[in-house]
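Visitor: Sequence:
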Amino acid sequence: MPQSSPSPASSRKRIVLTSRASSDLPSLKTAADRYGPGLVKVVTAGIALFLIVALGASLQRSFWLKQQISTLQEQNQQLAACQSRAHGHCDWGGLEPNAHETCSVLLEATQNLTKLAVDGDHEDHHSRWTFVGTVSRLIAAIFLLAGLGVAYVMTENLDNLPIVLQRWLRKIFRIGRLGHQSALQQAHVPLSRLMAYNLDRWFSTRPNAKPLTLLYLTLGLIYLGGLGIFIATGDSLYDSFWQAIQGVGIDWTFADEGEGEGPGSRLLVRLMAVGVSVGGMLITALMLGIISDAIGDKIEAFKKGKSDVLESGHSLILGWSDKLLPIVDQLCQANASEGGRPIVVLAEKDKEEMEEDLAKHGIKEYGSRIIFRTGNPLLAYDLAKVSASTARSIIVLATADEPDQADARSLRVVLSLMGLHDNLKSSGQHGLAGHIVAEVTDLDNEKLLSMVGGACVETLVSHDIIGRMMIQCARQPGLASVWEQIMGFEGDEFYMRPWKQCVGRSFREVLVSFPTATPIGIKHGVCGPLELNPPDDYIVTSDDQIIVLAEDDDTYEPTGSVPQIDSGTAPQNFKPQRHPEKVLFVGWRRDMDDMIMVLDEFVPEGSELWLYNEVPVGQRDRLLIKGGLDPKKLRNLKLVYKEKMLEGEMVNRKGLEDLEPEQFNSILILADESEMHILQPAGGGSDNSTIMDADSRNLASLLLLRDIQTAHMKGRSRKGQAKDVDDVRASRAEARAEKRSAREAVQRRKSVSAATTRGAWYDEMAGAVNRTVIISEILDSRTRHLIQDVKVSEFVLSNELVSMALAMVSENRDVNVIQNELFTDHGNELYLMPASKYLQQEERLSFFEIMMRGRSKKEIVIGLKDKNEALPIINPKNKTSRSYSQENIEAFIVLAEDME
Numbered sequence: 001m002p003q004s005s006p007s008p009a010s011s012r013k014r015i016v017l018t019s020r021a022s023s024d025l026p027s028l029k030t031a032a033d034r035y036g037p038g039l040v041k042v043v044t045a046g047i048a049l050f051l052i053v054a055l056g057a058s059l060q061r062s063f064w065l066k067q068q069i070s071t072l073q074e075q076n077q078q079l080a081a082c083q084s085r086a087h088g089h090c091d092w093g094g095l096e097p098n099a100h101e102t103c104s105v106l107l108e109a110t111q112n113l114t115k116l117a118v119d120g121d122h123e124d125h126h127s128r129w130t131f132v133g134t135v136s137r138l139i140a141a142i143f144l145l146a147g148l149g150v151a152y153v154m155t156e157n158l159d160n161l162p163i164v165l166q167r168w169l170r171k172i173f174r175i176g177r178l179g180h181q182s183a184l185q186q187a188h189v190p191l192s193r194l195m196a197y198n199l200d201r202w203f204s205t206r207p208n209a210k211p212l213t214l215l216y217l218t219l220g221l222i223y224l225g226g227l228g229i230f231i232a233t234g235d236s237l238y239d240s241f242w243q244a245i246q247g248v249g250i251d252w253t254f255a256d257e258g259e260g261e262g263p264g265s266r267l268l269v270r271l272m273a274v275g276v277s278v279g280g281m282l283i284t285a286l287m288l289g290i291i292s293d294a295i296g297d298k299i300e301a302f303k304k305g306k307s308d309v310l311e312s313g314h315s316l317i318l319g320w321s322d323k324l325l326p327i328v329d330q331l332c333q334a335n336a337s338e339g340g341r342p343i344v345v346l347a348e349k350d351k352e353e354m355e356e357d358l359a360k361h362g363i364k365e366y367g368s369r370i371i372f373r374t375g376n377p378l379l380a381y382d383l384a385k386v387s388a389s390t391a392r393s394i395i396v397l398a399t400a401d402e403p404d405q406a407d408a409r410s411l412r413v414v415l416s417l418m419g420l421h422d423n424l425k426s427s428g429q430h431g432l433a434g435h436i437v438a439e440v441t442d443l444d445n446e447k448l449l450s451m452v453g454g455a456c457v458e459t460l461v462s463h464d465i466i467g468r469m470m471i472q473c474a475r476q477p478g479l480a481s482v483w484e485q486i487m488g489f490e491g492d493e494f495y496m497r498p499w500k501q502c503v504g505r506s507f508r509e510v511l512v513s514f515p516t517a518t519p520i521g522i523k524h525g526v527c528g529p530l531e532l533n534p535p536d537d538y539i540v541t542s543d544d545q546i547i548v549l550a551e552d553d554d555t556y557e558p559t560g561s562v563p564q565i566d567s568g569t570a571p572q573n574f575k576p577q578r579h580p581e582k583v584l585f586v587g588w589r590r591d592m593d594d595m596i597m598v599l600d601e602f603v604p605e606g607s608e609l610w611l612y613n614e615v616p617v618g619q620r621d622r623l624l625i626k627g628g629l630d631p632k633k634l635r636n637l638k639l640v641y642k643e644k645m646l647e648g649e650m651v652n653r654k655g656l657e658d659l660e661p662e663q664f665n666s667i668l669i670l671a672d673e674s675e676m677h678i679l680q681p682a683g684g685g686s687d688n689s690t691i692m693d694a695d696s697r698n699l700a701s702l703l704l705l706r707d708i709q710t711a712h713m714k715g716r717s718r719k720g721q722a723k724d725v726d727d728v729r730a731s732r733a734e735a736r737a738e739k740r741s742a743r744e745a746v747q748r749r750k751s752v753s754a755a756t757t758r759g760a761w762y763d764e765m766a767g768a769v770n771r772t773v774i775i776s777e778i779l780d781s782r783t784r785h786l787i788q789d790v791k792v793s794e795f796v797l798s799n800e801l802v803s804m805a806l807a808m809v810s811e812n813r814d815v816n817v818i819q820n821e822l823f824t825d826h827g828n829e830l831y832l833m834p835a836s837k838y839l840q841q842e843e844r845l846s847f848f849e850i851m852m853r854g855r856s857k858k859e860i861v862i863g864l865k866d867k868n869e870a871l872p873i874i875n876p877k878n879k880t881s882r883s884y885s886q887e888n889i890e891a892f893i894v895l896a897e898d899m900e
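The opening residue of the sequence shown carries number 1 in full-length UniProt numbering; numbering runs sequentially from there.
Some clues are possibly wrong.
Derived PhoX-like pairs: lysine-lysine, alpha-carbon spacing no greater than 25 Å straight-line [as the list claims (entries may be wrong)]: (1) K298 to K210; (2) K210 to K306; (3) K298 to K349; (4) K351 to K364; (5) K877 to K857; (6) K867 to K877; (7) K632 to K654; (8) K642 to K654; (9) K351 to K304; (10) K642 to K626; (11) K632 to K644; (12) K306 to K360; (13) K857 to K837; (14) K837 to K858; (15) K879 to K858; (16) K306 to K351; (17) K837 to K867; (18) K171 to K210; (19) K385 to K304; (20) K349 to K306; (21) K642 to K632; (22) K867 to K879; (23) K364 to K298; (24) K626 to K638; (25) K877 to K858; (26) K385 to K447; (27) K837 to K877; (28) K633 to K644; (29) K349 to K304; (30) K304 to K360; (31) K879 to K857; (32) K626 to K644; (33) K385 to K425.
Cβ pair distances, simulated, as ranges [stated by the list, open to error]: (34) V651 to D422: 49 to 59 Å; (35) R635 to S506: 30 to 40 Å; (36) K857 to D322: 37 to 47 Å; (37) G606 to S781: 17 to 27 Å.
Keep in mind the hints are simulated off the structure, nothing from the lab. Ideal placement from N, C-alpha and C gives every residue a C-beta, glycine not left out.
Whenever a hint applies, use it, and build me the whole structure from the sequences.
Guide: What follows is the structure in structure tokens.
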């Protein structure tokens, strides 16, 4: 068969191989020309140094032998003299006293003669191997010096080594492990960079890299030190390496023990021993450093919380925000009666920082264990690390400043939890043991999280809750303190459970069946709906759970029989009248459109809402419409917001004076977000928009409004007449005159003592406080004491109340249904009713009797406002004592569908 011609590919391959082979020879020659003279010099210098040292050692040994012989001759002469004296002074009876000295000298001389004889024998033995020993030491010296020289040259000129040597080194690093593409890529990388990269990867990927490095350095030092000692002393290789091992970290006094053949050899041995000992100290220091690092890393791992949380039935909180520590505080209080429970926090924050923040907050744990872990709630690995599958409840906090980003992140966390839930179910388990409570910052995003989480998720819209609560509190003075008493676990809270004693009783009978609790509704079955304020004739079944307000779940139980309560006849002349209201919002919230729509549902027709904030007037329509509000479609409210006088800073006295605050029925001072979300729409907030800054602005606005009200009311004879915008413009001159008179009054008051001034200021404020309700939104609980001391306004602790709501829903998810109904205008709400609605003049009744009178109006009386107490009383303890009258009771707290 004819031979087939080679393919072009094979020809090219052969050409490439030939070219590579031909290119090796010039490179080798170039390398020889470059490194040859240097290597020859190094080797020559080493050999010369060795010969000089060996010659010096030989000469020195000759001088040493002569000195030993001279010393021995002197001792022999001394011995002869002593012997002659001993014979002259001794007899047959015994020796003289100096005989002991003579014996000592004889013994020393004998030992020296023996040693000399032995040394002479060894010298004869070594003389027969002098040539072999010298050659061996010379070869060892050549290897040692050549190896050191080659290592130095390779380190300094690694990239200029011959190609063959570079290929050999590349094979040692096994670049083929990285795959074909990586091998081709590294083939064009300089060898120095390749070695550095592989060493870095080795230290990064091998957990035992440090101990192996220590081992390699120790073996290398022993090898080099053993060769050096063998060259210097001529001892056997075994003894030389053993002495090197002694010097490497085991015996640092090895340098003092070196002995050779004469002082010259001892000097050389000691020099080698010093080098080995210094290297041994470095090796020991490295070993101690590695051990210290290993122990430190383990302790640091414990500090950073890298271990798994081995808990079950715990409360799990995902994320970190300003609401986390109040939530932890509430959970500790909730579980105090049970001796505490584990509370686990997983956040993308350093564990030590979280523990430091906890210590600053001063939370009483009541037996609970608070465990922090650093991790990402979006990762399944981190969720497994905190035992999310066995948690009794999981709280997902909104951690971003921008609401859409915060809700998007919460949505991803819920998706991760639902993925874990599905994986557990697919493996034959029951899924997540507890429910999920997700904080939502925008009402429009609530449906999305509910759709993703399904029945496993309870959502709370934090901004919506606070907005609705502030509107309710502004329309009913004193309601803010009521909410603070009901929310959380410090006082009375919601509980529900079935009671066999109540089966077959009507709800009217159930109301008076609990001496230490106040029933408010029924939960129909374990998974059924909740009904607040059911009809009197509803009969409780065995599946029903009684919803009550009680101090704790073990502090109440029903009576065996139903007490007979005769409530008598309630007053019939109470007819609440609803008049149009005038409301002022100071500040801007990003959910302003939602708050306006909520207020429109609560107020009667013909009411007005004024908006005073820093948002430019020209942008307000666009922002409200963007949020879903058309001001023209409001049913009960007239919105006043386009006047230029309504644009200004919250702490601008002139701007607030122009509004004439005494004309409003209620004023809401909002935690201003205009700078955060309007002036900087793309960012997450400015440096001045912190919690303390917002509270400081609110407090300053509150005091300015009260001072302006007091000054205006003192300078006018008319009271409570509503004005429109034209009236306000016309009265600006009069307001400025009053402002001057107020300044004069302030100057006069400066001459009065501090205590008298403060009392007079409170007295002057009293009229303004009674005329206009001001509700301030407070973010930091520490600001509460400042407002309480001033006593000129009510306040809503927005962050703390949201934290309370989240904690309550995490303990009992049914509470979310109760809160949703109480915060809206649909269904039942909380009201403060005057005592005259239930009590006749000079009439004294028990709390049970008052509850029965409330049932005639389809209301549930849950508490009262005592004239002698600063805070309202929820669920009074002594319900059978007739101690309540119009003289000591200011108002009753009721649950009802309407104020009629």
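Visitor: So, for every hint listed, does it hold in this structure?
Guide: We went through each hint and held it up to the structure:
1. K298 to K210: Cα-Cα ~15 Å, so holds.
2. K210 to K306: 22 Å, holds
3. K298 to K349: Distance ~20 Å between K298 and K349 Cα, so the pair holds.
4. K351 to K364: Distance ~19 Å between K351 and K364 Cα, so the pair holds.
5. K877 to K857: 23 Å, holds
6. K867 to K877: Holds, at about 18 Å.
7. K632 to K654: Since the Cα atoms of K632 and K654 sit roughly 30 Å apart, the hinted pair is violated (cutoff 25 Å).
8. K642 to K654: With Cα atoms ~18 Å apart, K642 and K654 stay inside 25 Å; holds.
9. K351 to K304: 5 Å, holds
10. K642 to K626: 17 Å, holds
11. K632 to K644: The given pair, whose Cα atoms are some 20 Å apart, holds under the 25 Å limit.
12. K306 to K360: 23 Å, holds
13. K857 to K837: 10 Å, holds
14. K837 to K858: 13 Å, holds
15. K879 to K858: Given that 25 Å is the threshold and the Cα spacing comes to 20 Å, the pair holds.
16. K306 to K351: 10 Å, holds
17. K837 to K867: Within the cut-off at roughly 16 Å; holds.
18. K171 to K210: Holds, because 23 Å separates the two Cα atoms, which is no more than 25 Å.
19. K385 to K304: Answer holds: K385 to K304 is near 13 Å, not above 25 Å.
20. K349 to K306: The hint holds at about 13 Å.
21. K642 to K632: Distance ~13 Å between K642 and K632 Cα, so the pair holds.
22. K867 to K879: Holds, at about 18 Å.
23. K364 to K298: Violated - the C-alpha atoms of K298 and K364 are around 30 Å apart, more than 25 Å.
24. K626 to K638: Answer holds: K626 to K638 is near 19 Å, not above 25 Å.
25. K877 to K858: Holds, at about 23 Å.
26. K385 to K447: 30 Å, violated
27. K837 to K877: 22 Å, holds
28. K633 to K644: 23 Å, holds
29. K349 to K304: 10 Å, holds
30. K304 to K360: 19 Å, holds
31. K879 to K857: 20 Å, holds
32. K626 to K644: Within the cut-off at roughly 21 Å; holds.
33. K385 to K425: It holds: about 19 Å lies between the C-alpha atoms, which stays within 25 Å.
34. V651 to D422: 49 to 59 Å: Holds - the Cβ-Cβ distance for V651 and D422, about 53 Å, lies within 49 to 59 Å.
35. R635 to S506: 30 to 40 Å: For S506 against R635, whose Cβ atoms are near 38 Å apart, the range 30 to 40 Å holds.
36. K857 to D322: 37 to 47 Å: 42 Å, holds
37. G606 to S781: 17 to 27 Å: 38 Å Cβ-Cβ, so the 17 to 27 Å window is violated.
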